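K.L.:
Here's the letter readout for the chains.
Number of protein chains: 2
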Amino acid sequence: MDNSLLIKNVLLDGERRNLLVRDGRFVCMDAARGAEAAKVIDGEGLAILPAFYNTHTHAAMTLMRGYGDDRPLHEWLEQWVWPFEDKLGPEDIRHGSEIAIREMISTGTVFFNDMYFDIDETIQLVEASGMRAAIGVTMMDNHPKTLKDEKATRIRSWKDSDRIQLTVAPHSVYTAGRETLLDAARLARENGRKIHIHISETVKEVQDCLAQTGMTPVRYLDSLGLLGPDVIAAHCVHVDKEEWDILAERGVTVSHCPCSNMKLGSGRFPYELAIASGARITLGTDGCSSNNNLDMREEMKTAALLAKVTGDAALLSAAQVLRWATRNGAEAFGYDAGEIASGKLADAVLVDLSNPKMTPCHNLVSNWVYSADSSCIKYVICNGKIL
Amino acid sequence: MDNSLLIKNVLLDGERRNLLVRDGRFVCMDAARGAEAAKVIDGEGLAILPAFYNTHTHAAMTLMRGYGDDRPLHEWLEQWVWPFEDKLGPEDIRHGSEIAIREMISTGTVFFNDMYFDIDETIQLVEASGMRAAIGVTMMDNHPKTLKDEKATRIRSWKDSDRIQLTVAPHSVYTAGRETLLDAARLARENGRKIHIHISETVKEVQDCLAQTGMTPVRYLDSLGLLGPDVIAAHCVHVDKEEWDILAERGVTVSHCPCSNMKLGSGRFPYELAIASGARITLGTDGCSSNNNLDMREEMKTAALLAKVTGDAALLSAAQVLRWATRNGAEAFGYDAGEIASGKLADAVLVDLSNPKMTPCHNLVSNWVYSADSSCIKYVICNGKIL
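Residue numbers (my numbering), protein chains in the order written: chain A, 1 to 387; chain B, 1 to 387.
Treat the hints as calculated values from the structure; they're not laboratory data.
Predicted, not measured: the structure shown is a model, and the values here were computed from it.
A few of these clues could be false.
Identical chains share a label here; the pair holds if one copy fits it or two copies do between them.
Computed cross-link-like contacts, SDA-like style, restricted to lysine to any residue with a CA-CA straight-line distance of at most 25 Å [as the list claims (entries may be wrong)]:
no.	residue 1	residue 2
1	LYS378	ARG102
2	LYS378	THR359
3	LYS159	GLN207
4	LYS39	LEU182
5	LYS385	ALA37
6	LYS204	SER317
7	LYS87	PRO360
8	LYS204	ASP312
9	LYS159	HIS74
10	LYS385	ARG189
11	LYS8	SER157
12	LYS159	GLY278
13	LYS385	GLY34
14	LYS159	VAL203
15	LYS385	ASP141
16	LYS241	ARG268
17	LYS87	HIS362
18	LYS204	SER172
19	LYS87	THR359
20	LYS87	ASN363
21	LYS385	GLY278
22	LYS204	ALA314
23	LYS385	HIS362
24	LYS87	CYS361
25	LYS344	TYR174
26	LYS385	ARG17
27	LYS204	GLY311
28	LYS241	ARG102
29	LYS8	VAL27
Bound conformation, chain A alone:
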């Protein structure tokens, strides 16, 4: 079956071009005027940009969007989130993930790195949606839905597709003990899986870890041999300079989630240290109950503004944060995407330049990061297909 897609006359790097996509990749960035394809998009008035890779979320938590927010963290978790989660069954997870996938596609996201329960529901929905995802097999001690043996079997028997991979997801140092963390690392490495974990999200997490292990979470996890280039570490808000050097040396990918860190009062991400360390930084929305959406465009702007607020207006430019939200995320998960270039996977958004938010267009990337919203998005393309 011919799966070719021709995007005619679309703005790329300041010029109107005809882009040809085949077998999920850009194959020609300057196709002839008379080129043909199985599917054609008229790109007149549109610009093409890389689609988003959301590197930390809990998709089904859309179910808790707006549920019990504006409350102190512990009251929110103990009186609202946990009692709600106790009642969720597979059908609820399915419903929550379905809303999440609709929202992500409508806001230009083609990949999400998930950590939750009842993963079969989410896997089926991602398969049908045309998106990509890394679905975490969550490991927490004392949690009925995270039985260790069953998880290990699942990880061992899983075969990746071109759009879906499984990850091993020990939740955090405060919910997974030493044995669980070591098991998770072993299981991931024996089976070539990424490791998805929360690290140093709050001051309390760091203090408790220090009290229990004599080390901060980054140093403790490093002492266990868990940190490596296969690790995606969400948050890393309370990480000092020496720890940033450890993360960078081990090749850890950091998923920065500014909206969630702000909304829960967790603190400002240490942009200066993080950027100086050279660690790979990506962006995530976290779950809807602490954001309360899955909109990566908004996450880009929030990150850039939070970087600048303490006084340096030049810190974290639009181009840099767009790279965090696209190419850095794709690279972290082994997808050759995040750039609109020949040979790259065709994961892209087409935005409407006539939308007032995109007008005038002194700088397309600046408009996209600082001004746009999902009303500017006309098409979302993943793996060469229109979603």
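Position chain B relative to chain A; hints supplied.
P.N.:
Just chain B now, with coordinates in the frame of chain A:
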């Protein structure tokens, strides 16, 4: 001519209702099923919320959206903004304000408090658009477009309409000297106009004012007798506890502009002090060149997140920030709006509850503040008319 509008079956305070609007106001919040009107909106699947009042912007600066951003403040002003502004004529202002008005309407804003030049262009556009605005007659020393005598004549001869008022706008303590500030206050009070001014946006402004007058901007302006219930003070980022008490006692309205303060590295608004003082706080987007949009929904979320980031997740709730963005702004400018209630001006937005960003709906206001974007807006109503 019958100007009635019936909004059928729309969600208000958790119930489906038929709302009747006449002569620009809500006249019945529970109209009979068979009620008729000159214009009818089917509110099935929609919820109604108050429309936005943007209390600080420079509308025509849409022309500089994305122009020279991510640069230090003084380089940005001196090498980018000011040389650009020097070249602007009335036709450019018209074009810039036109884009601004299109963007504001599409994002749910029905009123803006403007400060710029060539105001006749903007006035004509507002008149035609159906929006409301307070248009500032800008006063700066040594600026060719702000001749004092001409301005005074303009203010004296102006007659307000039900949608447009003029304000006296001495730009700031660093661009308007003592005489200009005193003239502005006298002119405003003799003619019953509001005063629109920037106050304590940056540390530099405060330090320079201290060096020149021995007082901070708030204390200096108070010593001149300028502060009063007719003043709208933009920014107020660097304002101490005693100054907040002065602002509150004088009845000054503060326009908080979080995106601009963050993007320019001006600093975090002192939410704790501001809220504790009891001063009336409203929201503004500032101009597009420092934001880079005019989207008040985004401004609400940014304000609430920036309030919480330092540790208190309960500070500035969704309901409170929505009030800043709507009713508080309306009240500051003497419009009896900002609530969906009988007798109030019909300034409203109708949002689509089927949008994934609005799903599920545990809390409509939370979804609107933290999750929505302009793709959720179906209708914008100002003064009882659909824009």
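K.L.:
Tell me the hint numbers this structure goes against, listed in increasing order.
P.N.:
3, 4, 9, 10, 11, 12, 14, 15, 21, 23, 25, 28
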